[in-house]
Amino acid sequence: MAAPKVAFLLLNLISILPLLVSSFSPDRPTDRRILVVLDDLSLKSSHSLFFSSLKSRGFDLDFKLADDPAIAVKRYGQYMYDGLILLSPSTERFGGSLDVEGVLDFVDSGHDLIVSADANASDLIRNIAAECGVDFDEDPSAVIVDHSSYAVSETEGDHTLIAADDFIQSDVILGNKKIEATVLFKGIGHSLNPANSMVLKALSASPSSYSTNPSSKLSSQPPSLYGTAISLVSVVQARNAARIMISGSLDMFSNRLFRAGVQKSGSLNKYEKSGNEQFITELSKWIFHERGHLKAVNLRHNKVGESEEPSMYRINDDLEFSVEIFEWSGSSWVPHVSKDVQVQFYMMSPYVLKTLSTNGKGLYHTSFKVPDVYGVFQFKVEYQKLGYTSLSLSKQIPVRPFKHNEYERFITTAFPYYGASFSMMAGFFIFSGVYLYNK
Amino acid sequence: MARDLGILIIAVLVLAATCESAVLSPVSESHRSAALELFSPADGSYGSLEETYEALKTFKVLGIEKKHDIRTSSCASVADTLKSTSSALKDFVDALRVNSILKCELNSEAVRGTQSRFKDSLNGANSLIDFYYSIGGLVLLKEQMSEVDVNLGDADRIFRSIKALGQSDGRWRLSSNNPESSNNAAGIALEALAGVISLATPQIGNSLITTLKNDILKLFDGIERYDDGTYYFDEKHVGARGHQSPLSSSASVVRGIAAVAAATSETLNLPGEKILGLAKFFLGVGVPGSAQDLYHQIDALSYLENIRQVLWKLTFFRALYNKAHPDLKIYSSDLDFVAALVRVSTVLGSPAPTLSVRLMQIFVSGSKDASVIDQELKFDAVSGMHVLETLPKNIDVGSYVFSFEVIFHNPEHKKTYVSGGRTRVLVHITGVIKIDNAEIVILDGDRGSVETQKKLKLPGDNTVALSANHLQKLRLSFDLSTPFGNAFKPHQAFLKLRHENGIDHIFLVGNSGKKFEIILDFLGLVEKFFYLSGRYNIQLTVGDADMENSFLQPLGFVELDLPDAPEKATRPPPQAVDPYSRYGPKAEITHIFRAPEKRPAKELSLTFLGLILVPFFGFLAGLVQLGANLKSFPKSTVPSTFAILFHLGIAAVLALYALFWLKLDLFTTLKALGLLGMFLMFVGHKTLSHLASTSSKLKSV
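First to last, the sequence lines map onto chains A and B.
If you use full-length UniProt numbering, the first sequence corresponds to residues 1 to 439, in order.
If you use full-length UniProt numbering, the second sequence corresponds to residues 1 to 701, in order.
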């Protein structure tokens, strides 16, 4: 009895939530309004588990057919959506004003994107993926085949339903809970552009996989994509914190594969349910900024023993530095606890690079001595961690040398010189008296 | 041959009839669990009566015993709705529909009241929806309450006024002032017309029914088709009721046709292919994710089964048996294996009538050659499956297309069942492939003589350690053969060389007959290898969909000694950076401060200070020795005052110097020194001139 009540309450909450938080803002980085572009409305039903998991997390989904003439993400210069899901692999062009540039501008302005290709993906989808650093196999008939780690199935025997379990090792991207069951994948593979450092393989293929047309024999050319170079699902986090997920399989989002049992070939473990639901749900949480979004506030520094922030340091001063870092948990900002936040004292190159210690409540602090080099320095916190939004803070601070009267005055080593001068002076005083008044 | 097979595992996998579509399963357990999940009432009741009806209907068709006790609450809400005078017509109809399943005990007064409501609105109806609900309501009343008089006197008029909304293409408009027509409306109209027919006294004229039948056939002309033989009714019209998906409009049409078929009790002569195509469409949806879609799917399938029994052939692999796999059911004791099993059922999964399944043809996958076989499958009554007990003799490991046909024992069934003719199924016969004579050899380039030769165990652990230079060749060879001893060409036969720095090179291993061989002539490959000497790991991958023992095996490594790269050689491509190392914390940097100057020990400085002071004391001792005195110090008041001031001034300057050392800066010192200097000039002049005049007096005396 309790469960339906809770569900009812939740439903109420969900219906109110969009009113409370109408859109994406730096204070609440989770997306709210999402445009879902489909090439067939039946996907709404066949992929409903995916959509209902998004809806139950408070997202406001707007479904549009890819050839809908009213499709647009921008109106009067304002973006109407925070996220875009393109489940339209065969669309050659969108119906409305949206095009490749439109999608890229959408991402460039910090919005999130999920793209799914499939066998026979259109050039449009390939181009969008290519702009994100992902190159799908150019052969339009090629799909991923793996004769060693396929999913055992009663009805399919061509080894194109892949059981993949080579996930990216990141709790923030895939959640704390380990994905036990393998993920079912049926579709095309892609390779990552080595020049792009933003794109990561979220799900990699096994070493024995390759990309080919399973119904025709291989010609004399080896396949262009093979082995672990193949990525099945990739994620991108741009510098502006926009996140992109690119998958080569539309089926992996479907209810059928969400619910399917899975047994990987050669393995005795049989799972009632594939890992797809967990994988996709956790990944979508990351994509839509329910996780892994950091903010840094209160960057402070002062001389040891003082609390005011000085306008300038002198060389060799001892200083204290602190910054607070919080992580968005989907509903509130919680302290981010990590041991690898570092601060740089930087002028052209870092003079000091120090790991900050934390109190576990979000405050990171350290202290160090200002180098004996004067000039205009910066405190720099460049925090880049797999899966988290990158933090890049800097604060300028000049460092001056000693003033002329700040040097050491009474140097013991110089006492003979001083002694000589003063004995000389005393001698002169006595001598002048004696010389003038001697009789 | 059969004996050979005995030692193998042979799997027979069955794929789709055509390559474009997957095997569709009839409604199964997954639908039932989905139905229970999707139609789970909150607080013991559903949101609306419409939802309640959809849930009840779905449960009924799927044969689910009502798990949730919603009868009491639903019946109460049915009674409330019927009693209320303000309820909309639709609510009455939904209430009656729920009642038709739940059979609540209803107050007949209330029911009579609704009857008059329906009749009134029927008389005033002008839109299709009004007709639909009022007629639908009356039909339901007639079914549930035999005592209520629901017969229509002016059935012909109503029939014609609904008919007037029909279009020439078989579609219908929702009302006379709305020009847009839709398939969904056609389904509604057909249902309404079927209601009119069943309510009419006297009966509707035959001519009207004939035109209605033509309308239905016209509707089927506008049906949409996918390449794989799936048919559906698309919906372009977006009306007041929102966008109708193809699923709901197809379901609506099916419901309408079923109603007409039931009301007229005539055969409609619907095209069997399209009915099967519709069934494919509904099954192709799989397990829908929304409650309404599930209702449409299940409801439509149940009607499809009634209009014309639609058979679904579900073929699947299972089977094989081997003594090593006692858990698999052995269907036949004296045969070495059981091949394809074919289950024939209706779309809703109920068993088919007596029939036989025949294997008609076998094609080798990818070629047109067919061997014609006419073999009847044995029916296994216990499992309800048709079993192909012996495979034809010439079948070896590989992919084949089996063509099955359903033949009814009772000729009557041909009229009532649609079976879809021949079904072509892709079958993979898999087996363990024998790998022999595997060896890896380094050949000397010029003479072709064998330098090193290593036997390999495939599949198995191999760690060969080879070394070669650019003038030598590497040869890898092995034989593959099927259990029957025939040549086998796997889809995937790759040799991979991976350099230490992560650059891969992949080569296809070619074959002639059974023998697979690849020769790598390093002289021709130096360019491709970017002149990178060093250790290359060798990996062999052999795999095929029909090969049970596909493998990926590291074989060891070859240490290559290649010439140095010339100036213009292409550089190896950049390798992707490992994401885990890219993000780690950087090494700490601490500033190295300038070392302080080296200073002598304090004692040393102080000793020297003492030594420095020695001459001063020597000077004092000298003065004493010489008998220095101050006897000529002026005695008179004025000169002595000046002399005292002069010496105080010198002392002040010296004190200023001491202060300069202790605390003052240059500017303060110079200022003070200036003032003191002027004072000293004055008093010094006075003192010295007094001393000069005194000494000149002495001289002159």
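Hints listed in this document are in silico derivations from the structure and should not be mistaken for laboratory results.
C-beta: ideal position from N, C-alpha, C; glycine also.
A couple of the hints might just be wrong.
What the hints assert, rightly or not - Computed list of chain A residues with no C-beta within reach of chain B, every gap over 10 Å:
id : residue
1  : H47
2  : F51
3  : R57
4  : S97
5  : D135
6  : R239
7  : L268
8  : K270
9  : S367
10 : S423
11 : G433
Stated by the list, open to error - Some chain A residues near chain B, calculated using beta-carbon distances under 10 Å:
id : residue
12 : L41
13 : D146
14 : S215
15 : L218
16 : Y351
17 : K354
18 : S357
19 : K361
20 : V370
21 : Y374
22 : Q384
23 : G387
24 : Y388
25 : F410
26 : F428
Claimed, not checked - Straight line, CA to CA, 16 Å or less: simulated EDC-like cross-link-like pairs of lysine to aspartate or glutamate:
id : chain 1 : residue 1 : chain 2 : residue 2
27 : A       : K178      : A       : D166
28 : B       : K663      : A       : E406
29 : A       : K295      : A       : D251
30 : A       : K44       : A       : E324
31 : B       : K598      : A       : D27
32 : B       : K586      : A       : E408
33 : A       : K273      : B       : E29
TODO: Check each numbered hint from earlier against the structure, then list the numbers of those it violates in ascending order.
DONE: Checked against the structure, the hints that fail are numbers 1, 2, 10, 11, 18, 19, 21, 29, 30, 31 and 32, while the rest are satisfied.
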